[in-house]
Structure formats: structure tokens, C-alpha cells
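Keeping their order, the protein sequence lines are chains A and B. Position 472 of the first sequence, counted from 1, bears residue number 472 in my numbering, the numbering being contiguous throughout. Position in the second sequence (first residue = 1) + 719 = my numbering.
Because the hints were derived from the structure by calculation, they are not lab data. The structure displayed is predicted, hence computed values, not measured ones. A few of these clues could be false.
[Claimed, not checked] Across the chosen pairs, the derived CB separations fall in these ranges:
#1 S852/B - P89/A: 22 to 30 Å
#2 S852/B - Q119/A: 45 to 53 Å
#3 E996/B - T113/A: 45 to 53 Å
Virtual Cβ for every residue (Gly too), placed ideally from N, Cα, C.
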Amino acid sequence: MRRLRYQGALLSFIAVLIVFFLVGGIVIIAEQRNALTSMVLSHEERDLELMADASYEALLKHDYVTITSFVSRWGEKHQSYTLIRAIAPNGFVVAEFARPATSGIPLYSLKKTVHQGDQELLSFEITGDHRKVMEVVGMLRNRLIFGSILFSLLLGAALWYAMKRMALLPMEQEIEQRKRAEEELERRVAERTVELKQELVERRRIEQELLDREGHIRLLLNSTAEAIYGVNARGACTFCNPACIKMLGYETEQDLIGKNLHEMIHHTRTDGTCYPEAECRINNVPKNGQGCHVNDEVFWRADDTSLNVEYWSHPIVRGQEVIGAVITFIDITERRKLEAQLLHAQKMEAVGTLAGGIAHDFNNILTAIIGYGTILRMKMGDVPFAVNADHLLEAAQRAAQLTKSLLAFSRKQEIVTRLVDLNELVSRTGKLIIRLIRQDIVFETVLTGGELGVMADSAHIEQVLMNLATNAGDAMPDGGRLSIRTERIALNAAYIKMHQYAKPGEYALITVSDTGMGMDENIRSKIFEPFFTTKEVGKGTGLGLSMAYGVVKQHKGYINVYSEIGKGTVFKIYLPLVKSASIREVEQAEAENPIPRGSETVLVAEDDRSLRRLAKTLLEEHGYRVIEAEDGEDAVRKFKENQEQVRLLLLDIIMPRLDGRKAYEEIKKLQPNIKVLFASGYTEDLLSIKDILDQGLHFIQKPMRPRDLLVKVRTVLDR
Amino acid sequence: MHFRFCSWGKNLTILALCFFLFRSVGVHAEPLLKLGIHPYLSSTEIDRRFTPLAGYLGRELKRHVIIEIASSYAVHIRNIGTDSVDIALLGPASYVLMTSEYGRRPLLAVFESNGTKTFRGAIIAKKDSSIISLSQLKGKRFAFGDKASTMGHLVPRYMLLKKGVDVSDLAGHAFLSNQENACLAVLAGDFDAAAVKEEVFSEYEQKGLKAIALSPEVQDHVFVASAKLPQETVRSLRKALIGLNNRPEGKQILSTIQKNLGALVPAKDSEYDNLREILQVLKKAGIEP
């Protein structure tokens, strides 16, 4: 580039020289042309003089042919002549030579007259061009131009050489050095640029990675159900995720960012007392650098409602310094509720198990008492003290009823479910309830249209409704309104979550509501517990609602209570609906026929000796022949011994060594058509009972009424 | 060294001589022929007009033919009379004079213009001149051609004589070297009238000339051979000249000599008898070329 600049300077210098020489040349040419023109004219004049002189002799001889020839030859010899004329004094053109003039060449004219004395002989006129002058000028111009250029080039080259040697060479060397230095610099810059580019690429990669990570973190924060927020050392919020905002009931993160969150959401403890910031376990994390895990505190929402939370707080460390904390929390309100429900259910289960165990033993005892008592009463006949035996039996029956309720609560009673139209059942029960409640209570049943098919034990459900109605009556001492309403309801997932029910689906809902005194939350939470009663001592057993609870649970249903003091109570019973075209409930009221008798031989297997004896006594008194067996094995053995006589097996299900079902299986091998009636007072094995019933076999619940036993035995034998 | 140089030089000289000798013999073995022309035109013009003919004859006879222009008509007559030239073109008067002085020479061919072997002369003046007849020439300046010229002097003098005009009656007269000068001198105003061949008049007529009178017809120019030429050469020459118009280049050669010259035809001496009579008249009047 620099070299080009020098060459440009040199060329400019040469151009100036050329221009200078050319201008000089033009001046010289102009002068030379003028001089040459004058010279040529002078020369031509002389020539003309000569021509005139040469013609004189011929003219004297009138030799015009010679003149003509002379003019012609003269013209041919001189290319610069465009016209030569020899004109006689009378104007006759004796001779003429003409050639076309070359354009662009200036012309001149000369005239010479030949005289003889005073007499004019002939005039010669010449018109010529300055061809020669132009040629000489042209040649001179070309030489001048060529010379100027050549001289300029030579001079320029010489000057250039001198300048280069003296000035440019050192300068060029310096420039070269600088150029090398610049190239070195550029090389280093290029290297550095490459490094910087690599660094830039690396930096961009890292930035992209950071952005990706941030994106991931943001995604995690945004997508996680857990609420997460951060605080600085002063307790001010530095960030929060959408779950946090939502859980705390705010709208945007700006509602939280920069605010002191302890004052906003953590100001009060679970028990309602003030929670000083100095004691705040979250705010103390940055101070002591230790994280914490807490699950017994509450946070406060924007609408001043609280939520039970479990939170984890971790310190944020930068370098050696703890600059804040990040807190992750979840709403455990529902969990707390579930835990309470679980606790309640476990408690109910425990109580049920306890009650069931006691009730079983009581049942056996009461079966013996009622059995023997009934035999005793029958043998007493109409003696005066027979009334005592009646009281005894009556008390025993009440105890049996109590035991039955306990078993119902503990869901260890036998239920026999059939497809039942709940509307019909409620309607039928309503007629009984009207007789049960006082006159000052308005009773109404509101039934939904169509059938409400449920698998239910009618007697038990009736009992539940009766119990609820009795309680309602008690709750309305000054009268009121009792209503039983049925409806069809679909429990969806959301509803179930809200009410903690087990399965979604179609349910029949029985709502029993009263306008009584209602109850508080404390009472409401214990209402289904056995022996819990608000009634006076001796007035209630505390088992009515427990039994209802047990029965509904046994029907795979749910019972719930809503109550407010002074506004009444509402019980809601949900029973799973069964889809059925029609319901055939064959439930015939038992006719109070006379106790049937028989003469067949019955093999009674019962490990409880008193019960075995009671059955033997009852059956023998009514004409039957009885073979006793102590357990299953004994039963099988006795049957083998008396195979021909035995028509019916009365087998307790649960017996030592060989249980009732296995004993029946053995005996059945000997005599496939043998009839059997199972008995059990403890329905711990509901599946066994279900199987028995499913096989078309017969079952009787202990404690059994003598009449029930005798009717059942006769029924099985007659079938 | 010296010996060697002499040997080389000798050899080279012999070679050069052989080259030039064989070259000249190869082109024209016979001696050259001289074609003599009377100075009826300028030498340049004569040379221009007769060079093609000389070339033609040279090729036909395989001899080199050169043109020799005589300085005057008298010299020309003497040249042929003394056989100084081999071929000569003679004007009619010159032929008659030559035969009368030197005897007859072999006639080769005569000019035939416009289908005739004769030609005429004209007395001319400027077109704007008041002179319309020969008698008006008295007291006027008159230009003749050569003194020996048939139509430049002799026949016009005869014509003037017939009209009673003598040169002494003229304001002045001059014998110009050729008839073109006569035309030009009239045009330039040097003379009032002049005598020229009709052919020359025709050339200058459009420049501003008119004919006052025309001469009687006289046998035209004639080529004669030297008495020294062998008969065979004379025959060859005659044959070449008479057959010229039938040659491809003939027309061009003829028209170069004279615009209206159509052919060269055989000539007879008797055909010049009328001119002999004119010259006899002039001679009697004391007028001689």
C-alpha cells in the first residue's frame, strides 16, 4: 500500500514533468510553425519566381504547350500545390493543374506575373498547403512528445532512484520494520482473538448451561407441588415458586419478594400464641448455619387462614458466609386430618375388637343363661315364682340385645344381605318410627323416585334407622321435625377426597335430620364411640350409634354426621347402589307358628359343653334323638357309629381339632346327602359363613333363641 | 594469396559477361530499329502517343524499337531521306517533299480516320472574334505551325493565297513549334487566327475557338520504311502495321496515337498527287517549307 503511494507520487512527478515539457513543446512548436510557414512561403515565392523566369523564353515563342507541360509537371512534383494556373492577360487559363485539397491543412496563395517590358505576358497563380510545415510540425510534435516522455521517465527514474537510495530506502526499511512489528502485533492480536473467541464460546456455553440449569431449576420450582421460597439473612423473601404463592394465597411473587415473611406468614403458633421473630426457626437458620425440619407449625395465608405445614429449611452458603435460607414446605392440613381420622378409625377398631371379644364370651354365657332359663321356665309351669324366671330371661334377653349391638358395632355379627329397595325399607321402617317417637315431633320421609337397590341386611338397616330416630327424638325434648330422606348420589373423586371416603361410585344416601339441640365438635368427634353417651346414666347404652356405625361399615357404606349446636343434627348414610332391573325382596314376616317337633336323630357337635347340653335338652324335649360330640373328630367318629340313624348334623363352626366345616366334609364323604346346620356365635370368619350360605347350606347365629333353633332344625330336615 | 585473388576475379568477370551477353541476345538478337517522328506535337506528347506502337513493333519484329523525335520537320525529312531512321511517320507535305528531294521510300501504311485516309486543316479564330472569313485576316496577327507542316503552314498558305491574302497583308505572323501552341496562342490573345489540323481544332474548339475555313482533303500521315531495311523486314513491318487494328491491343495503340485513328491501311504514292499540286502552286508563288 505504501509502495503504491510512492509509485503514485513518482507517477505524479513524471506526469508533471511531462506536462511541463509538453507545454514547453507546444510553445516551441507554435514558434517553429510560424517560422517554418514564413520560410515555406518565402521558398514558394522563390520557386514561383523561378517558374516565371523559366517560362519566359517559352512565352516569348508562344510555346504554351511547354507552359502547360511545365505547369503539369510542376504540380505533379509538388504535392503541396492544390492549384497552379497560368492565366493569359485576357483571362484565358492557358494551363491549370489542380488536385483535391487535404482537409485540415492551412492553404496559402501566391501570384506572379511575367512581363516583357511593360507588356504582361502571363500570370502564375499558386495555391498550396502547408503540408511540409504540418509534416515538420507533426514530426517535431511527435519527437517532442516522445522526447518529453522519455526525458521525464529517465529524469523521473533517476530522481526516483536517487530519492529511493537517499530517502526512501531507509524509510522503507523503517516501514518494513514497522510492518513486521504490525504483523507481529496483528498475529498476536489474531492469536488473542482466537483465544478470546474460544473463551467467548466457552463463556457462551457456560452461560447457556447456566441458562439451561436456571431453566431446569425454574422448571423444577414451577412444576413442583412443594412450596419453595428463599429468605436472606434479614428474613426478607428473595424468591418463591408458584406453589408457594398459591399455597399462601397470594397472586404474584411481587406480593412476597422483599417482604419479611415471618411477619406475613409465620407470626402465630399453632395454639394461637404469638411467635416472636427472634425465636423463628427459619430466620435462625442463617444465624446458626444449621438447617431444620419442622412439622408442627402453621403458616398463615393472605386471607388470615392457617395451614399446617411441614417445612425444611437449609442455609444458603456463599463462600464462608451464610447469606440466607431456602425453605421447602408442604401443606399437611389434610394429612393431619387423615391422621386424626386414622387415629379415630384405629381407636374404633380397637374398641370394636375389644367389644367383639367380650361380646362373644358374653354371648355364649347368655346363650346358656337364656337356654337354661327358658327350659327352667318351661318346666316351672304356672308357679308363683315363675315371674322371677321371666325377669331373669328378660334381663338375659336385654343383655343378649346389648351383646348383639356390640357385635354389630364391632362388625362381627352375622349379616345376611339381599338386594333390597332402600325406599321400601325406609318406608316400612317409617311406619314403626311413627309409633316410636313422641307426638310433638313431626316426622316425614322424602323418598327419591325409582328403586334404590342396595345389598343390605334389612333388619340391621332398620335397626340403624330406629336408633337414629330414637336419638333424634331424644335430641328434641321440646318437639321438632324429624325427616328421613333418600336420594341417589354419585361420589366423585373430589367429593371423596373432601370427605375421606374410600371409593367413588353410585351410592344411595339416607339423610336423617332433626331440628334438635345439636352438638359441638368435641361431642361430634366421639359420637360413634361405644358407650359414649350424653344421656343420663341408665337412660342410654352408648351403643346405638356405635352399632349404626358398625352396621354401615359392614355394608361397605359410610356414615357421617353434621351438627351445629341449636340447629340440629344431620346423619348421612351412604350405601353402595346395586344396579338391578328389579328387586325381589322376599322377606316374609315370620308367622308365629307353634314350635315344630320331630323324631329324627340329630348329631350335635359343640365344644362348649353347656351349649351342647342346652341344644341336646331342647331337641330331646321336642321329640328328637340327640347324639353329642365334643369336637369335629368326635363328630365324625360318632357319625360313623350311628350312620344309619343320623339325619341332621348341628355343627359349631369353630371347634378344637377339627372345625365344623372340615368335619362336615369328612362326613359328607360317608354320606353325601347328609343335612347340616352350622352355628357360630363369633363371626370372625365371615368368609366361611359366606361360603356356607353360598353352597346352599344353613347357618344359625349364636346366641340363638330356642324357638329359632327348633324352627331352623325343622326347616332343614324338611327341605 | 595474390594468385588466388586473380583466379577468383577472373572467374567472376567471365560469369558476369556471360550473363549480360546471353541476356541481350535472348531478347533482341537483331540491331534496334529507330522510329522517327516529326515534331508535330510536343516531345512529351509524341513520346506518350508512340511508345505503345514502338513496343508493339518491337514484339512483332523481335527487335528493339526506339522513338526518335526530330528537332524540326526539315531534320525529320532529312533523317528519312538519308535513312538515318528505319521507320518514319511523315506528314503528307513532308512525304511529298521527301520524295521530291530523296526519292521514294517503301510505303508501309497510311492513317485511316473515320473510315477515310484523308484529313483536313482549319483556319481558326476565337469564338467571340469578329473574323468570319479569310479575307478579314488582313491586318490581323496569324499563327502558323511548323513551316514544313502540311496543315500548320503549307495548305493554309495555299488557302490564304487563293483568297488573296499574303503574309505581308497580315499585322504579324509567326511559325509556332506546333499546332497546339497555335490554338493556345489564339486563345491567349497573342494571335487573332491560326492554322491547324481539323483534329487539333476539334480538341480546342470547346475552349473557345471557331473554324473560319476548312482546307481541301489531303492524304493523311504515312509510315515509310528506310531503303536500307531488308524486304523481309519491310514486309513484316507492313504486315504488323496493317493488321494492327485486328489485334487485341490494336485499338488502344491506334487511339493513343490519334483519337479518331481507326486503322493503318496500305498506302499508294499516287494518293499524294493533289498535295503535290498544291505544293507546286506554292512553290511557284515563292512559298516553300
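Tested hints:
1. S852/B - P89/A: 22 to 30 Å: About 27 Å separates the Cβ atoms of S852/B and P89/A, which means 22 to 30 Å holds.
2. S852/B - Q119/A: 45 to 53 Å: violated (30 Å)
3. E996/B - T113/A: 45 to 53 Å: holds (48 Å)
The structure does not agree with numbered hint 2 stated previously, though it agrees with all others.
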